[in-house]
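*Asks:* If you read the protein sequences in the order shown, they are chains A and B. Residue numbers for the first sequence follow my numbering, so the first one is 937 and each next one is one higher. Residue numbers for the second sequence follow my numbering, so the first one is 937 and each next one is one higher.
There's no promise every hint is true.
It does not matter which identical chain is used: a pair holds within one copy or between any two.
Straight-line distance between alpha carbons at most 25 Å, and here's what the computed DSS-like set of lysine-lysine pairs gives [as the list claims (entries may be wrong)]:
#, residue 1, residue 2
1, Lys1007, Lys1021
2, Lys1101, Lys1157
3, Lys1157, Lys1123
4, Lys1245, Lys1157
Note that these hints are calculated values from the structure, not bench results.
Protein chains: 2
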Amino acid sequence: MTNTSEIGAQKKVTVIGAGAIGLSWTALFLANGLSVTINDPRPDIEKTASEGLDQISATLKALGYEITDLKGDLSFEADLEAAVKDADIIQENAPESIEFKQGLYEKLEGFIKPSALVLSSSSSIPATVFSQKMKNAERVLIGHPFNPPHLIPLVEIVPGERTSKEAVAEAIKFYELIGKSPILIEKEMSGFVANRLQAAIMQESVFLVKEGVVSMENLDKIVSSSIGLRWAAAGPFKTFTLGGGPGGLPHFMTHLGPTLERIWAVLGTAKFDESTTALLTEQVNGCYGKIPYEDLEKERDAQQLAILKAFDK
Amino acid sequence: MTNTSEIGAQKKVTVIGAGAIGLSWTALFLANGLSVTINDPRPDIEKTASEGLDQISATLKALGYEITDLKGDLSFEADLEAAVKDADIIQENAPESIEFKQGLYEKLEGFIKPSALVLSSSSSIPATVFSQKMKNAERVLIGHPFNPPHLIPLVEIVPGERTSKEAVAEAIKFYELIGKSPILIEKEMSGFVANRLQAAIMQESVFLVKEGVVSMENLDKIVSSSIGLRWAAAGPFKTFTLGGGPGGLPHFMTHLGPTLERIWAVLGTAKFDESTTALLTEQVNGCYGKIPYEDLEKERDAQQLAILKAFDK
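Just chain A, same shape as in the assembly (with noise of 0.2 Å):
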């Protein structure tokens, strides 16, 4: 999968803040040929991010990536000038607080190449309102990965008002050579798409447990048995234009729409109040809770795993 020639093996991308999602771009700019510099003012940075990604190797590996020294092409450098001066690619994964993020673009501005392509993991804050404080913010944009970003296919591509379109097309260029699945969103709004979706089946979700309707464990084995697995093909459009049949998705406006309207006026709301909160933490103690986080999170990435490499993605 790797595909250096066309990156550019001469590629310099640096890696602002290697917590977990920084971390995971990074094994996978690395896995791509790419040489990586991490800046992260934590002590023990090269300890933590040395045994991070030995981990996710195995992940790569399984993913189909031939590697020997994952880390021979990576540095650190803890002064920011010095981490991003020579960089073209620059992903950054600072806090989410616009105050901080505010600051970080503004000293950018005065070290990086005007040539760099600066992308921001940002789950909710927008580029328009990060890059405020920039004087030129044409080749600033948002390119959120959905977590982790070694393994799920998606990265929302966000432009600000001022990102030039010549910079998201590099954006969805690069992304896509580095075997992401790059997706323009074409408006800001909070939460993107992704995150909005998942918030909205999680309200539900919520509302239905709390009603007492099923058990937590039981609405997820619903999930993976039947709207899971159909998305994982199809999203909900294609999905519902299958189910209208050989009309398509306008039979199935007129003729299932009043249902799916229905439903709609009866949807939950919830809150992560005391009782919702109590409920949940009981009902996870029972099952999850159980089970050691490693297990759990291995027996995820495995079929995720086989889930992608069923789709040969």
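Given chain A, work out where chain B should sit, using these hints.
*Replies:* Leaving out everything else, chain B in the frame of chain A:
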């Protein structure tokens, strides 16, 4: 996957109504070695059913069923009394009309054996409602499949107020023996669980497309390359338990609960009004509308099969 000995080869099943859902059930029952009588008033039912079963047969083989003569144990009986009087199990797929179903169940009570288990594919009318005119509704409940039942594992088990625990247990056992994943819904609620969750994500999807945040085709790609993949492996609660790290769901609720609540507060609403219907029709004509229905269906089923095989389900 056939398990005739446990189900009992002597078991007689009657399928009432052999549209898409009823026919898919019929195929699955036959593949599992049961003898099936179809009760459907359409004059061309034998021809339609025969053609439909031939089509489904290929998918069942791909799922691992050894099929030599799928239609060997199939018969047709247009008279309701004659069709159900010897049945051990009845799977009803009549139109979703309260009046029609109530009349049907009232008649059924006079015709069936007292030991017969009566299962309804009803997707919206609860058992308590459609069994209202029966004197005894102990052995009547909903076994609601996700379309198509021969392929998608989920069956929602929804007892009515008068359904006995024994009947619920028998229904669960029956569906398990024919390879399904029956899940108990503990309270009758409009749309049960899967369709409510599906409606929740669909409402937000329609909202986002209408707002111009993302195109229909790209929204589908987002789902299939992120949350769909996730949920095929682990439902929403398991996903957020993992999202909480070693602290699990309680940690998630404390740290990311507020972010989720902020998105819940701004989720959209939708209606299939004239402008929405026109926009969705225009977009679907530009993507899936250009592909023949059969091709879309084949592609989806192939991917579905690939996932099920990857999971060894």
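*Asks:* None of the hints should be skipped; say for each whether it holds.
*Replies:* To see whether the hints hold, each was checked on the structure:
1. Lys1007 with Lys1021: within (21 Å within a copy, 72 Å between copies)
2. Lys1101 with Lys1157: For lysine 1101 and lysine 1157, the Cα distance is within 25 Å only across copies (21 Å; inside one copy 43 Å).
3. Lys1157 with Lys1123: between (34 Å within a copy, 17 Å between copies)
4. Lys1245 with Lys1157: both (22 Å within a copy, 17 Å between copies)
Violated hints are absent here; each numbered hint is respected by the structure.
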